[in-house]
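Knowing the structure of chain S, use the given hints to seat chain H on it.
Chain order of the listed sequences is S and H. Heads up, the final residue of the first sequence is numbered 359 in the numbering used here, and it's a clean run with no missing numbers. Heads up, the final residue of the second sequence is numbered 242 in the numbering used here, and it's a clean run with no missing numbers.
Hint data in this document are derived by calculation from the structure and do not stem from the laboratory. As the structure is a prediction and not an experimental result, all values here were calculated from the model. Even for Gly, the Cβ is constructed at its ideal location relative to N, Cα and C. It is possible that part of the hints are untrue.
[Unchecked claim] Some chain H residues well away from chain S (every beta-carbon gap over 12 Å; in silico): (1) Arg67; (2) Glu69; (3) Asp158; (4) Ala161; (5) Leu167; (6) Arg217; (7) Ser220.
[Claimed, not checked] To spell it out: a stretch of chain S is covered by chain H in this simulated footprint if at least three of its residues, at any positions, have a beta carbon under 8 Å from a beta carbon of chain H; those stretches are: (8) 114–125; (9) 165–177.
[Stated by the list, open to error] Residues of chain H clear of chain S, computed beta-carbon distances all greater than 12 Å: (10) Thr66; (11) Val70; (12) Pro114; (13) Thr134; (14) Arg159; (15) Thr160; (16) Trp163; (17) Leu164; (18) Pro166; (19) Gln189; (20) Leu211; (21) Met223; (22) Ala224.
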Amino acid sequence: MPRRSRRPRTTLLLLVLAAVTIITLDARGGLHVVTSGVRSVASDAFSPVRSGVNAVVEPIGSFLAGSIHYGSVREQNQKLQAEIDQLKMQSAESADQAEALRQLSALLHLPYLNNLQSVPAEVTDFGTSDFAATIDINVGRSDGVQLSMPVVGNGGLVGQVVKVSHHTATVRLITDGQSAVGTRYGPAPGSLAVVNGTGPGKPLSADLVPSNTPLTNGEVFVTSGLQGALFPLGIPVARVVSSHTGDTASQESVSLVPESDLNHLRYVSVILWGPNA
Amino acid sequence: MTRGEVARLSLVVFIFVVIQETVMLDVRIGGVHPDIMVLLPIVAGIIGGPARGATFGFATGLVSDLFLPTPFGLSALVGCLLGFGVGLATIALDRTAWWLAPLAALGGSALYEVTYGALGSILGQPQMLHVALVRIVVVVSVTNTVLAIPAMRLVSWGMADASTEGMPTSDAGVGAAR
Numbered sequence: 083m084p085r086r087s088r089r090p091r092t093t094l095l096l097l098v099l100a101a102v103t104i105i106t107l108d109a110r111g112g113l114h115v116v117t118s119g120v121r122s123v124a125s126d127a128f129s130p131v132r133s134g135v136n137a138v139v140e141p142i143g144s145f146l147a148g149s150i151h152y153g154s155v156r157e158q159n160q161k162l163q164a165e166i167d168q169l170k171m172q173s174a175e176s177a178d179q180a181e182a183l184r185q186l187s188a189l190l191h192l193p194y195l196n197n198l199q200s201v202p203a204e205v206t207d208f209g210t211s212d213f214a215a216t217i218d219i220n221v222g223r224s225d226g227v228q229l230s231m232p233v234v235g236n237g238g239l240v241g242q243v244v245k246v247s248h249h250t251a252t253v254r255l256i257t258d259g260q261s262a263v264g265t266r267y268g269p270a271p272g273s274l275a276v277v278n279g280t281g282p283g284k285p286l287s288a289d290l291v292p293s294n295t296p297l298t299n300g301e302v303f304v305t306s307g308l309q310g311a312l313f314p315l316g317i318p319v320a321r322v323v324s325s326h327t328g329d330t331a332s333q334e335s336v337s338l339v340p341e342s343d344l345n346h347l348r349y350v351s352v353i354l355w356g357p358n359a
Numbered sequence: 065m066t067r068g069e070v071a072r073l074s075l076v077v078f079i080f081v082v083i084q085e086t087v088m089l090d091v092r093i094g095g096v097h098p099d100i101m102v103l104l105p106i107v108a109g110i111i112g113g114p115a116r117g118a119t120f121g122f123a124t125g126l127v128s129d130l131f132l133p134t135p136f137g138l139s140a141l142v143g144c145l146l147g148f149g150v151g152l153a154t155i156a157l158d159r160t161a162w163w164l165a166p167l168a169a170l171g172g173s174a175l176y177e178v179t180y181g182a183l184g185s186i187l188g189q190p191q192m193l194h195v196a197l198v199r200i201v202v203v204v205s206v207t208n209t210v211l212a213i214p215a216m217r218l219v220s221w222g223m224a225d226a227s228t229e230g231m232p233t234s235d236a237g238v239g240a241a242r
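The shape of chain S in the complex, shown without the other chains (with noise of 0.2 Å):
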């Protein structure tokens, strides 16, 4: 019978258990301004990396895609080809700017802001992981930004900063498993309810709500504002799809969809704000 060496159980206990280790001091606090740190130091010195690989590759990736393309017709229709796609892409380019500018000019006059700082931004990533709603954006510590900040678009709520480097921000989209935002709704003053996200895609839900609460459909969720809340008051969240109860439950089942196109976002702007302003 061929004996087993011990050493690599024992070398994946220990690495199992300091895994555990890290994971378990970071969620508890403990090492998170560590980890967070270092987070942060990496994604700028990667920074500099991304911009510049990006910048050689899309150009590549457009040539072979080129290629491609064209590789098998006559020189004609080539010529005749390029003249269309080139056409078409100054329209394309035209929508393309007229939807950039749509969007920035909607940030500037966000009828719920009042008078609240803000810092507008462009989107430069759609969720690192498959396994969190998040962008990434393209300003940081260096414009103001810090963790927590609320961030909003054209049509309400978008999310909240969880990282934050010297010229980048991540930020959790409502739609995250994570978010939780405090939200009124109803006439003034409101009931109190808490919205949900349910993952990336997926219809938002209302918690608190009690049951046969008169909903209608397109009821709009605001930010509530409490002391100590993690958003300022008044700010669209969601609106609702629809709404019933059980026979037996205690809530309403509330589903609403964001008032931000969180699917379409380029342009948001991060509120200067925080829950102690």
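The following block gives chain H in isolation, referenced to the frame of chain S:
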């Protein structure tokens, strides 16, 4: 592990991080992007055996965690388990077989994503199971299967002095594994 090996492996990990954080983040298949960082513990397990697979999986997992919004250390935990598991599962197989890396990438990636979601959920992130897990498993597994052979070559170059740690220690066992 020699200094040269550390330098080569660091370069390999850097290349993987750059590709993941640039090209792969722009690739979206059904709303899901590929995750080539998962390939590292898998191929390290095949090349270096359970102990080196686990160690490399832990280290590359920590690097991945730097760029992810999920709990810090989770990728390291799943990475070391995966590296160890792949090393153990392939210990008695012919490691030069061309189909081994793609097959291990297919199964290992699927296992990684499911374990990642499940462990994240257990560790206080229940939303990690409320995602399109099947879609994530399919996209990550298939892309990693396609990229397994180049990844194997890169990591083989990095682990030039791959040992036989974890293999049977009797002469007969070592001979059988080789």
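Results for each hint:
no. : hint    : result
1   : Arg67   : holds (21 Å)
2   : Glu69   : holds (17 Å)
3   : Asp158  : holds (17 Å)
4   : Ala161  : holds (21 Å)
5   : Leu167  : holds (21 Å)
6   : Arg217  : holds (21 Å)
7   : Ser220  : holds (20 Å)
8   : 114–125 : holds (count 5)
9   : 165–177 : violated (count 0)
10  : Thr66   : holds (19 Å)
11  : Val70   : holds (17 Å)
12  : Pro114  : violated (4 Å)
13  : Thr134  : violated (5 Å)
14  : Arg159  : holds (16 Å)
15  : Thr160  : holds (21 Å)
16  : Trp163  : holds (24 Å)
17  : Leu164  : holds (19 Å)
18  : Pro166  : holds (21 Å)
19  : Gln189  : violated (7 Å)
20  : Leu211  : holds (16 Å)
21  : Met223  : holds (16 Å)
22  : Ala224  : holds (20 Å)
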